[in-house]
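A.B. asks: Read top to bottom, the protein sequences are chains A and B. Start counting the first sequence at 1; every next residue gets the next number (our numbering). Start counting the second sequence at 1; every next residue gets the next number (our numbering).
Wrong hints could be hidden among the right ones.
[Stated by the list, open to error] Calculated pairs, DSSO-like style, for lysine-lysine (alpha carbon to alpha carbon, straight line, at most 30 Å):
1) A:48 <-> B:334
2) B:333 <-> A:49
3) A:152 <-> B:3
4) A:48 <-> B:336
5) B:333 <-> A:48
6) A:153 <-> B:7
Bear in mind the hints are in silico, worked out from the structure with no lab data behind them.
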Amino acid sequence: MDKNIDLSKYNLSDDELFSRVEHDVLESEKITAPRYSYWRSVFRVFFKKKINWIVLGILVLLLGFTYIYPMIVPFDRFANVMDSTAKHLTPSAAFAKYGFSIHYLLGTGPSGEPMFDAIWHGSRISLSLAMVCAAINMIIGVLIGSLWGFSKKMDIIMNEVRNIVSNIPYELLIAVLVLVMSRGFWTMVFALTITGWLGVAYFIRTQVIIIRDREYNMASRCLGTSIFRIATKNILPFMTSVIVTFAALEVPSYIGLEVFLSYIGMGIPELTLGRMISENQSAMLVPGWGFEFWSPVAISAILSIVLFVIGQNLGDASDPRTHI
Amino acid sequence: MAKYILKRTLHGIISVIIVTGIVMLLVYSMMSRDQIFAGDPLYTKVSTNRKITYKYEMWEQYGYLDYVNYTDWLTELEKNGEIDPEDRKKAVSLGKTPEVDTELVAKYVRQFTEYYKSKGYEVTRLNTVTMGKKTSNGGQAQLFAAKDRPLILRLVDYFKNMFTVDGIHSVEDYEGDRGIEFTLHDPVYGGDTFAPAIMGKGTKHRYLLYFDNEFPFIHQNLLNLNLGLSYSVNRGIDITTTMMKKQGSWVQREVTYPTGLTEMSADNLHSAMYAAGSMETGMNAQRFTDNYTNVLLYRDGMSRMGYSFLIGILATILSYLIGIPIAIWMAQKKDKLVDQIGSVYVVFITAMPSLAYIFIVKAIGNAIGLPTTFVMDKFTWLMLLLPVISLALRPIGSMMRWLRRFMVDQQNADYVKFARSGGLSEGEIFRKHIFKNAVIPIVHDIPGAILFSLVGALITERVYVVPGVGGLLITAIEKYDNGVIIGVTLFYAVLSVVSVILGDVMMSLVDPRINFNSKAR
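Chain B with its partners taken away, still in its complex shape (with noise of 0.2 Å):
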């Protein structure tokens, strides 16, 4: 088992791997790049020549080519010392055409243009733009180099930077010393309560490792998962914190900061993040006692993923609930009344636009008072009611239509027909004999249901206003925002297939017949 489970992860890993580059081909070659700056507030903003390098920035950040400027070119000289801080200023002023540069500035742009052109970028040039005698905003003299990056590269950086372990050099500026403390009393709590903690100076995170009381209760910040940054869908801030991230209206608990200042706040500290300079802003300088001051706040909502995941999970209990008992009663009263009334209510769920039916569902609870709408601030459980029917009529349906369908063909087994003559009652044969074996392939896809569970529901997340994280990848499509669908299809990928893998070995648990390892299979 385990050697077959090992080979379907490496197989499986291996498919992930294409798809990520099939879908990196798809939106960074296949889709105009232009596109990614639709929905970019700043880009109408800047004008004329800085436009066009503030394009190539963003085109660099969100990792469609490499791009090197030549002031930064320059900066990067002086710091290696081959040029001087006297000459790099003056060589940093372009002329407004290339015909009136200085003889220096024309020495390091041609030992520019030739050193870029030899690695393969194309290096451009932009004159001033005037307006009138002055130079129009934006219009300054630009000289640059950029080149694509190609699949291969893009596709290995991705993987290799997924996983970041945050340790004491993560930060590369911090002042003071690095190190790593271990506390038995997390000052958080004020310093007299048992909470042990692991803190970082020099980290990214304050916390690597810390106790509170929500669930799973242990907490880390060593290990980061990083599926790529956001453009448009949520700025520059990862996708896995978009879809973790609380959401909902501040709440306010009693918090000891690092300064031993106790008050009233919603600022998370086991969130903080180092900042650079961040301490004498604001009301920092009162609370902390180091740059780690970007905190996330306390909030009385769920994550995206936890809205999507609580409606996902309670429609799956309830699908298996109602469709299995629904599915042997059927299967019991083969070709009578209930049967066929199961058998209109599956043809109709099957056939039927989803979107149809859960309008319907929604217009009947709304009739009935039901409330339609999910509001994050008045949370009540009645909420969560029609996305959850709305969500499991379908699993219902294809339950009692396939447990069914699996009873009905065992009903005649060779082993049935032994154990009736051995005089068994129906019901035994029933419970113990037909349904054990038909209830095989139903186990197969529990991993799947609850896994997908996840990745939200997007038709009865909108129609019900709820905030969960079924529309991401669409929404990621509208606005052309590239990190955002290669993480979220990855993730997605992933899921299937460990969905797939886990529904093996819960069928091979379920059935001991069932051996993966044998050759004839």
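Chain A with its partners taken away, still in its complex shape (with noise of 0.2 Å):
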């Protein structure tokens, strides 16, 4: 290259011609490949799909009802119990006696209370259930599941126990525990857990059995890396999409759950969602009562697919093979 050539004729500065390096044998060893963060990936894939920032917007609309609005409104259920005259009403009689407001959206329910505050304060408790349930299980279950799926002798007691533990109907476990402890949020949280875990486990178990003994995991032993580094590096990756998966079923499964044990007069004392579709049950069928019967019904419905649909696409993204 010729020194004499005048650099500030094209503009350009010493540092960006070419210069000889020296030959390093240790750097010809390293390998580069463009930078990778999984997280950052995930959320690159999971941002790319249109529906999920539709999804993800009327779930934050959700919790910001289900969670903020109830600690602004404060809720009595009986406040306007004594007024006749603001039971079962629909929207436009609420707003023609009390005037517009939100709180009259969706009209009373059967002790005069307003519908829109009330499927709030319910959902707020559905869903803390539900996900306190899911978060619990969903620890215990994964901990417990990868011990399951590598240890053989674990593998024949666990499997005996939950063939044993899955027969044992939960709703009898829920009456004892009630008996024993008193009905209550962490009772029943306690009652739900308490062999819920098994079912996440055993799945799990299932998930690091089929891939313990994928050929690279053979490779990766035969080369000598310990039993923790494979448990990391190369099977919770794989893993996480399922596990996120999984946990996308558990919460809406959960509020589900709640709905029933509450239909069945087994859920907890609090005005939970599951407790108002079995109270206002009666007035599906009553002309102009369909609000309160409905309002519950579609929330918990909403909240359960768009948890749902979050959770599913959630785990696809968290895929490492979609990050191509």
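Starting from the two chains in their separate frames, assemble the complex, guided by the hints.
C.D. replies: Structure below.
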């Protein structure tokens, strides 16, 4: 290269020119690839789909109403219970009576309570129950499930345990625990999770067994990688998408379970979505009373579906194979 | 295969026994035993000391404890000749308090107390409760011994008494010759029709084996299943009877009684059971020649289990008939419109609480004028439509989801590529290659789906007021009916064990590659 060329003529600085680099034996052993961050890729794939933005927007709105709205707006179910003209109003009748306000957007319920406030207070408890139960189940289930998948001895024992425990009706467990402890939120959490984790653990166990004996893990073990490293580096990334997908199913299923238990009269005493549905059941076929029955049904359905869709798509996005 | 089934069956039996044990532990030890009286009308009527002894009698009857009353003990002594009748009459009248007992009473009380204390019983004496000078109603002095039954004993007894064979010595106080008779012409049908029957004398049931015109046409009473007595749900009745007994209004038909009297009646003589001294009461003398008079009635409805099974099996059939073709269609048109619509349906039906979509189905059904409640007296097949649809929606969804998944997974398999390169049409590949492989996991669930139709569906039955068996467990738990809880749990556990084994058998029938015998599976 000729050093005499006037660089300023081409508007270039000295650093931009090629320069000779010493050959380094050690450096040349390194393989460079584009920087890969797992979670950044997950969100990149997730947000590439338009539908996820929409569903996520709905979820944020729902969560806002579920957790922030009840904090701002106090709710007393029986505030209007003495006023017989305040009960079972359609939205338009409620607006005529109280003037337009957001509280009466869904009319009033059987005790004259504004349904719009009632469903958010109800969904706060229902959703909290579902999320707490799902979280506990997932944590215990994943921990025990991965051990269960790795250890052959544990597999024999746990399979028998599962055969037995899955045959004990959980309704009975709830009833017994309610009698022994007291009826309430945490008793219900305890009753639902005491056997609930087994299902998660069994699912994880099956997944671990499937991945455990794959060729690349065999190869890894042959090369002397420790079990811990195989578990965290080879198996866990594969499991993340499975776990996320499964967790996505857990929360809606617990919302459904809460509705079911309230319907059969074994729910918690607080005003949950399930309790509202079972109490207002008779209003279903009465003309003009539809709102008080259908609004909790609709909220539980929408919440479940939104959480389910987000979970499914997040699960898809967290599968490393979709990151290419 | 046979060896595998045997092994699984043994495992299953052990699991079922352990489950029953755990459930017994839950209901007998952890639930307060006073709860069982909550729905008992008799309990509110008795008072003071009688109430206490009534409680112990009931607890004994329902397996909580062993209980011996002083009076019964004396009667037993008299039977064995250890005390003469005169003494017994005197000894039985306890004093108002232990201090005022006569010498004879005190002697026997001491003997009773010592005898049962040495056997680990707890002996209780209740003094007379008085109102003014008179003994209050039920306030007589009482002496009794009681001992809690250990769980193991209860479990052993439960399984020991589960199957009973009705023999000619089953009825203790049967008068007359015991024996078994065989007839080719069942007297119920007038004595001329050819209908073989085996009848017992001294057995609990009159008919041990007989034919009639109801499915499965041959019936037996020889081997009886006792899952446990109900306390509050259906007092004193065995659970199997509660589930299997016909419901509805009576149906009269021409019946020939043992005396030869022929008249229109709803009595089902085939169900006749022994009831001591019942022949003289009411109309029985004209009709019966012995004490086998306790009969069930012909009714026009089905049993609780019958209705549950009818709805369940129809829903299962419907779900396979609709789910499989749609799943295949979705897999063939992957990522096309059909697949997308189907996926939306799957998301909705799996995510939504079942209560929500059942109510939606009911509301839609109501709007287009379908019957939304089940009326047994006016049974039409149309009444089954909404419950069956409600039950089938979720299985259809899961069929679409899984079968589609399995088929899509198979589409890239080597054998499919090979078939395609061999020139087979897409339809042929789907029908003959992919479907056959994808359907194997689905086949595994068929026995379970059919068997669990027997259990009934709680929500569907409640929403449409179907008199089915689905709510039995919940009702039992609500009413603290231990016998029913244990019996129903056992029934469920047996069903789940059997359906897994049958599922494996089905799978190995469909797919010859599946072999449960080989060790390296």
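A.B. asks: Run every hint past the structure and note whether it holds.
C.D. replies: Against the structure, the hints come out as follows:
1. A:48 <-> B:334: 21 Å, holds
2. B:333 <-> A:49: 22 Å, holds
3. A:152 <-> B:3: 23 Å, holds
4. A:48 <-> B:336: 20 Å, holds
5. B:333 <-> A:48: With a Cα-Cα distance of about 24 Å, the restraint between residue 333 of chain B and residue 48 of chain A holds, given a limit of 30 Å.
6. A:153 <-> B:7: Since the Cα atoms of residue 153 of chain A and residue 7 of chain B sit roughly 19 Å apart, the hinted pair holds (cutoff 30 Å).
Checked against the numbered hints given earlier, the structure satisfies every one of them.
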